[in-house]
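Q: Single-letter residue listing:
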Amino acid sequence: DAGVIQSPRHEVTEMGQEVTLRCKPISGHDYLFWYRQTMMRGLELLIYFNNNVPIDDSGMPEDRFSAKMPNASFSTLKIQPSEPRDSAVYFCASSLPTGELFFGEGSRLTVL
Amino acid sequence: AQSVTQPDIHITVSEGASLELRCNYSYGATPYLFWYVQSPGQGLQLLLKYFSGDTLVQGIKGFEAEFKRSQSSFNLRKPSVHWSDAAEYFCAVHPQGAQKLVFGQGTRLTINP
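Line by line, the protein sequences give chains V and Y.
Letter by letter, the first sequence follows residues 9 to 120 in my numbering.
Letter by letter, the second sequence follows residues 138 to 250 in my numbering.
Source of the hints: derived by calculation from the structure; they are not laboratory data.
Cβ coordinates follow ideal geometry from the N, Cα and C atoms, glycine included.
There are no misleading hints in this set.
So, partial list: chain Y residues that the calculated Cβ filter (under 8 Å) puts toward chain V: (1) Gly180; (2) Lys237; (3) Gln242.
Produce the complete structure using the sequences and hints provided.
A: Right, dumping it as structure tokens:
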């Protein structure tokens, strides 16, 4: 059974460019989460969805960040315009209501 | 305030030695409890979980954890560590009625040969 799939694994872009990160959750999982991990801040929850509906986006740093989940098998996290301080590893995770998270391998973003 | 605390930021042990990583939580009711491991360049992988019942739970890779209600703790243990256990370890709690995990700050484990 495939786990959570994220793409791209690595992205290098220049400041001001648009970045789109993609995630395919585990089939049957009702919840999808986007996290950001940096050395300075550790693991931060950005937003999570339940049945494709955004429930809590209080962790989204600013309006440059947006996330969508058009269907149960796909979600995107978009940064427009990107800035160097957005450089981080972005993780997608999915879960059942018991809260047990399954993480993807992450997307490492470098903004120059 | 509700929180998850991992008191040790960095621990170094020798290969073959025993290991205990500490985790304390502050919640009114007993939450669901988890330990995750993150190897360099990888995502977080679930080691073990506690929902209810037997307070000693077994996980993958030879790890176990014990839930102690009186101490609000969920410490992770391994009798004999291997060099491949070097990684970052995260304790996480799922408060009852909530839908998102709260993670501790993590403990980085270094193994001396």
